[in-house]
Amino acid sequence: MTALRTTLRRAAARLADAGIESADRDAALLLAHVLGCELGEVRRREVLGHELNDEDMARFEALIDERARRVPLQHLTGRAPFRSLELRVGPGVFVPRPETEMLVDAALEAAPHGGRIVDLCTGSGAIALAIKAERPDLEVYAVELSEEAAAWAALNCKQIGLTVNLSVEDARQALPELEGSFDVVVSNPPYVPTGMVPIDPEVAEHDPEIALYGGSEDGLRFPLEIAERAAHLLKPGGLLVMEHADAQGESLPEALLDRRGFEWARDEADLAWQAPHDAGPP
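Everything in the sequence shown is counted per my numbering, starting at 1 for the first residue and increasing by one.
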């Protein structure tokens, strides 16, 4: 038996030495995963001086070894929080980020009651499922090119118990039978410039390339092609909400106005809002 507090401190120190900024939290979350409890319970046991048995210690140390090699925390636990949901994730699917939750806020604000929304490049299904969870009145579609990622999205739909119309196809040609019928298109497309390797090993080595790279030196090729498809899918007056890189805050809206026939485009923090021809600014 080993003191839980001592074990956590040693594990956190090792993760910190590996360059992980959230070392304390990651160590505690991995221990919670081993013990099958919530983070708060780990903290309670730490304060009360609980101990770990040898079996749990071995499992925990193995996970710390993996995390120190910069395997994403979410791959080790198999789960990623996103708004009110807990999603299943793993190799082959992009791990959803907290900043992407802002896309859901924008989409929900724009969607009329009983409206129709599509999430292009859905990955794990995070955006589509969060929208459906918070607005059951909406008809939600999701499109993903990668069969591996789409399998994770289908699993999340099943486990969470929400109905999302998921299709495995290229977002740039998706849903031809539903053109002109969507109130909102939302997308977190691949937008990293080609040749630019992400700094964090968790991203560079474990997120799938298909979900990262935007297909051109400026990273805008795929976002613009997806935006062009969105213009065909949207109703007159509909809205496209798209995530992009910080450096694309001016170039993406300008490119949409110049080449894609959008009437207005606005960048807000991590988001770019775009509307097609027949819409005016709010």
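None of these hints come from the bench; they were simulated from the model. Any given hint might turn out to be false.
What the hints assert, rightly or not - Derived Cβ-Cβ restraints for the label pairs, each shown as a range:
#1 170 - 195: 22 to 28 Å
#2 201 - 165: 32 to 38 Å
#3 196 - 19: 31 to 37 Å
Backbone N, C-alpha and C fix where the C-beta goes; we use that ideal spot for every residue, glycine too.
Hint numbers contradicted by this structure: 3
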